[in-house]
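Protein chains: 2
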Amino acid sequence: MKKIPHRLYLTEEQMPKQWYNLRADMKEQPAPMINPATMQPAKEEDLYPVFCQALAHQEMDAQTRFVDIPQEIQEMYKIYRPSPLIRAFNLEKALGTPAKIYYKFEGNNTSGSHKLNSAIAQAYYAKEQGITSLTTETGAGQWGTALSEACAYFGLDLTVYMVKVSYQQKPYRKAVMQTFGANVIASPSDTTNVGRQILQNDPNTGGSLGCAISEAVEKAVSTPNTRYVLGSVLNQVLLHQSIIGLEAKAAMDLLEEYPDIVIGCAGGGSNLGGLIAPYMRDKLTGKADPRIIAVEPASCPSFTRGKYAYDFCDTGKVTPMAKMYTLGSGFIPSANHAGGLRYHGMSPILSKLYHDGYMEAVSVEQTKVFEAATYFAKHETILPAPESAHAIRAAMDEAIKCKETGEEKTILFGLTGTGYFDMAAYTAFIEGNMKDYIPTDADLQRGFDGLPKIPGIQE
Amino acid sequence: MKKIPHRLYLTEEQMPKQWYNLRADMKEQPAPMINPATMQPAKEEDLYPVFCQALAHQEMDAQTRFVDIPQEIQEMYKIYRPSPLIRAFNLEKALGTPAKIYYKFEGNNTSGSHKLNSAIAQAYYAKEQGITSLTTETGAGQWGTALSEACAYFGLDLTVYMVKVSYQQKPYRKAVMQTFGANVIASPSDTTNVGRQILQNDPNTGGSLGCAISEAVEKAVSTPNTRYVLGSVLNQVLLHQSIIGLEAKAAMDLLEEYPDIVIGCAGGGSNLGGLIAPYMRDKLTGKADPRIIAVEPASCPSFTRGKYAYDFCDTGKVTPMAKMYTLGSGFIPSANHAGGLRYHGMSPILSKLYHDGYMEAVSVEQTKVFEAATYFAKHETILPAPESAHAIRAAMDEAIKCKETGEEKTILFGLTGTGYFDMAAYTAFIEGNMKDYIPTDADLQRGFDGLPKIPGIQE
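The listed protein sequences derive, respectively, from chains H and B.
All residue numbers for the first sequence refer to UniProt numbering, where the first residue is 1 and numbers rise by one.
All residue numbers for the second sequence refer to UniProt numbering, where the first residue is 1 and numbers rise by one.
If you are wondering where the hints come from, they were derived from the structure by calculation, not from laboratory data.
A quick note: this is a predicted structure, and the numbers were derived from the prediction, not measured.
Don't take every hint at face value.
Repeated chains share a single entry, so a pair holds when one copy, or any two copies, can fit it.
Claimed, not checked - Calculated pairs, SDA-like style, for lysine to any residue (alpha carbon to alpha carbon, straight line, at most 25 angstroms):
| hint | residue 1 | residue 2 |
| --- | --- | --- |
| 1 | 283 | 304 |
| 2 | 93 | 128 |
| 3 | 2 | 453 |
| 4 | 2 | 72 |
| 5 | 287 | 355 |
| 6 | 17 | 255 |
| 7 | 378 | 72 |
| 8 | 453 | 440 |
| 9 | 307 | 357 |
| 10 | 78 | 250 |
| 11 | 93 | 72 |
| 12 | 409 | 254 |
| 13 | 378 | 457 |
| 14 | 93 | 133 |
| 15 | 78 | 193 |
| 16 | 78 | 283 |
| 17 | 287 | 24 |
| 18 | 283 | 23 |
| 19 | 43 | 457 |
| 20 | 403 | 362 |
| 21 | 378 | 226 |
From just these sequences and the hints, can you work out the full model?
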């Protein structure tokens, strides 16, 4: 057994030089996207007006197992990566568990999360194609911040449609994006047809992620040399985020450790899919059989209570339809504080793997999540993002089970980011004002009722 | 020449096991503190009611060159340290300078700054002596946050007197401290005599750091098993913060690099004294002669326009008097956004070294500082704290000079922390609403007029 440090950083030489594409090892592929205009499977070219070609190709490519990370992306990764693999010695001691707990911490960059890993890749490929400007939407703001950093680095213009209520409630998130040079617009806005229409109907609306996506897509397709980018759900995003799991596995290999359980929080799947990638590969290829656990909020339980069905990726219904675990694109998640997990659907790749029995899912209530977050902060000194704290909750629960059974399991979880911009949520918890929200079956049924009909595929 | 990585992290084995005490190599010592009750040099025992004994000893000990870092402190350091030494390849490229720029980044912990290095030490020694509770004050909140983390880790109660105007304007900073279990009280408060008196005179006052210090000291000396702690200025703080410079030097040694110029921002001196410690040692012992530059705000220019004189460390005049560069304890700095640099005095050790010609000092205006901060963020992706950006400004200025002269100088600067809680300042800069404040000679004279009279020493 090697001496285990608190924090292990790979050297630059040890950092992965390729991303890993999970689809190459899946026995059954995720169902193809459906183009709503034709009701036929989408082709790579169908995506070109929205995504740059390299990304459209990555979105559709199920064959290439390892994708070389371009040198320029590697260079920018080196500015903030590798992220540390941390042994939670203090948390273990406080819990009195025989379990060994490791976590991969992605919060040590200005975006405060793992989102930067894909933002850099998406900005780079756009620039390579001669694209000069990108559009995107942001809710809580981590994705918008990450993309602002990437666009500043590569010299691209960026327009971020920020859900109006967030724009007003989180002026500091907006200010971070502006510091990096992004043009941040409260959505709905008068800069798009869809925005103007929504404002005409309801001038006082606070906006929604669905509306912001629609505005960002419209802006991209109607502006020369401009493309739209998205921070989760997509296959390309899981590919880029595989850097998390590859680094984690390389570090654990150095320590001669292998996890019995791998745990990640699940919103659209960007972090979870990235973290588990090399371990899922071991499962798919029969090399090992770790338990893999997705953790989602009880208020937005797409894995645990959703349907595996074709649905739109956005509430505005402008995107292709994907087969995934979904609560329906019309489902309105309650005001859970983990904004990054308030998404109706789930990565089609992860949905397929879950459907086929390769992973488990649990849902947790947010008061239990914040209880874990504050406990973790006091013992490990890191203030976690509410999203990340879902994984902490599940990891602590597994470690407590080990205490009861005496099993010395090795647990790895993803700590996706920091909670500096989520202190209103922490305050609500500390002051006892946090509530739990669990949708009723009737709430869910309303979402399912809005699932699209696709002739011959989904009636 | 070694291959230079973007980020270099020492291994746990390479981390320093001892702090370095600059005084042991100073040919002339800083003047002794004066006890205002006796007007005589303060003795170690005089400090026992306020500081725990180990820290009082460190405060007075000018002999011990290297102080072993207790094992328990090393263990907590390992949770968030080592901090990276970063080569600013992108900044160099953007500036087109032949200079090599390195920075030591202390912002990757929840306190967001280097303050945690001393908070841990101070909490540890208090606990070792059987102290159960600490008090302190905080303005901008980084010190209070750091101490909250340390007290949560060591199981000590903590009461933080937070300047009322900050308490009201920065509820999220308060929330972070509360998350770590600290009792945060808006100062002035009704929990102390001095607080009640101030409130009686002016019920609507927003408070001041001086008042908060007075409350924290009163609370400490009037509560059983309680001591007061302070995050800057003190000799003990410089000792603990030497970890910054020792790590930086160890990393640069591995790269076979030696700085021609070492640059740090200067408020009370905690970061500057820590960063420069091993390089100042080389100067004091004649081993090398790097330039050492302190950077302070033009609005609070203690080095560049202050007097080298005995003064109180607080505006409430309850502390011992120290000989230092000071603007007078009654000097009210203007509303500069770098809250951590709005201090009237300067570490007595650094003051003596500056007085004896071992270092230089420059002052910079805050609009120039934020110009550097946003430029740095766009190229290096880290959003710096306004305090840290003072060092960035000076480093960029030196690198630009190198461009003009063609000199390939090696520059090392301290990036003390992140600016996530300073976005109001960034917004003011981006929107063109930031002003520069430079005190007039008359402003300064009012501060000097309040310097204490000490019979036979300072008339």
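Each hint tested on the structure:
Only within a single protomer do residue 283 and residue 304 lie at most 25 angstroms apart by alpha-carbon distance; the minimum there is 21 angstroms, versus 65 angstroms between protomers. For a Cα distance limit of 25 angstroms, the shortest separation of residue 93 from residue 128 across copies, 20 angstroms, qualifies, whereas the shortest one inside one copy, 49 angstroms, does not. Taking CA atoms no more than 25 angstroms apart as the test, residue 2 paired with residue 453 passes in neither setting, with 56 angstroms inside one copy and 62 angstroms between copies. With identical chains, the CA atoms of residue 2 and residue 72 are at most 25 angstroms apart between copies only, with a shortest distance of 22 angstroms across copies and 34 angstroms within one.
Taking the shortest alpha-carbon separations for residue 287 and residue 355, only the intra-copy value of 21 angstroms comes in at or below 25 angstroms, while the best inter-copy value is 67 angstroms. Taking the shortest Cα distances, residue 17 and residue 255 sit within 25 angstroms of each other both inside one copy (20 angstroms) and across copies (23 angstroms). For the homomeric pair residue 378 and residue 72, the shortest alpha-carbon distance between copies (16 angstroms) is at most 25 angstroms, but the shortest distance inside one copy (38 angstroms) is not. For the identical chains of this complex, residue 453 and residue 440 are intra-copy neighbours only, at 24 angstroms inside a copy versus 74 angstroms across copies, given an alpha-carbon limit of 25 angstroms.
For the homomeric pair residue 307 and residue 357, the shortest alpha-carbon distance inside one copy (15 angstroms) is at most 25 angstroms, but the shortest distance between copies (73 angstroms) is not. Proximity of residue 78 to residue 250 under the C-alpha cut-off of 25 angstroms is found in both arrangements, the shortest distances being 16 angstroms within a copy and 21 angstroms between copies. With identical chains, the CA atoms of residue 93 and residue 72 are at most 25 angstroms apart between copies only, with a shortest distance of 14 angstroms across copies and 42 angstroms within one. In this assembly of identical chains, residue 409 and residue 254 lie within 25 angstroms of each other by CA distance solely inside one copy; the values are 18 angstroms within and 37 angstroms between copies.
Proximity of residue 378 and residue 457 under a CA criterion of 25 angstroms is satisfied in neither setting, with 51 angstroms inside one chain copy and 48 angstroms between copies. Taking the shortest alpha-carbon separations for residue 93 and residue 133, only the inter-copy value of 23 angstroms comes in at or below 25 angstroms, while the best intra-copy value is 50 angstroms. Taking identical chains as interchangeable, the C-alpha atoms of residue 78 and residue 193 are never at most 25 angstroms apart, the minima being 41 angstroms within one chain and 54 angstroms between chains. Taking the closest pair of Cα atoms, residue 78 and residue 283 never come within 25 angstroms of each other, the shortest separation being 30 angstroms inside a single copy and 34 angstroms across copies.
For the identical chains of this complex, residue 287 and residue 24 are intra-copy neighbours only, at 15 angstroms inside a copy versus 59 angstroms across copies, given an alpha-carbon limit of 25 angstroms. In the homo-oligomer, the alpha carbons of residue 283 and residue 23 lie at most 25 angstroms apart inside one protomer (13 angstroms), although the nearest pairing across protomers, at 60 angstroms, exceeds that limit. For a Cα distance limit of 25 angstroms, the shortest separation of residue 43 from residue 457 inside one copy, 17 angstroms, qualifies, whereas the shortest one across copies, 86 angstroms, does not. Taking the shortest alpha-carbon separations for residue 403 and residue 362, only the intra-copy value of 20 angstroms comes in at or below 25 angstroms, while the best inter-copy value is 58 angstroms.
Taking the shortest Cα distances, residue 378 and residue 226 sit within 25 angstroms of each other only across copies (21 angstroms), while inside one copy they are farther apart (45 angstroms).
The earlier numbered hints that this structure contradicts are 3, 13, 15 and 16.
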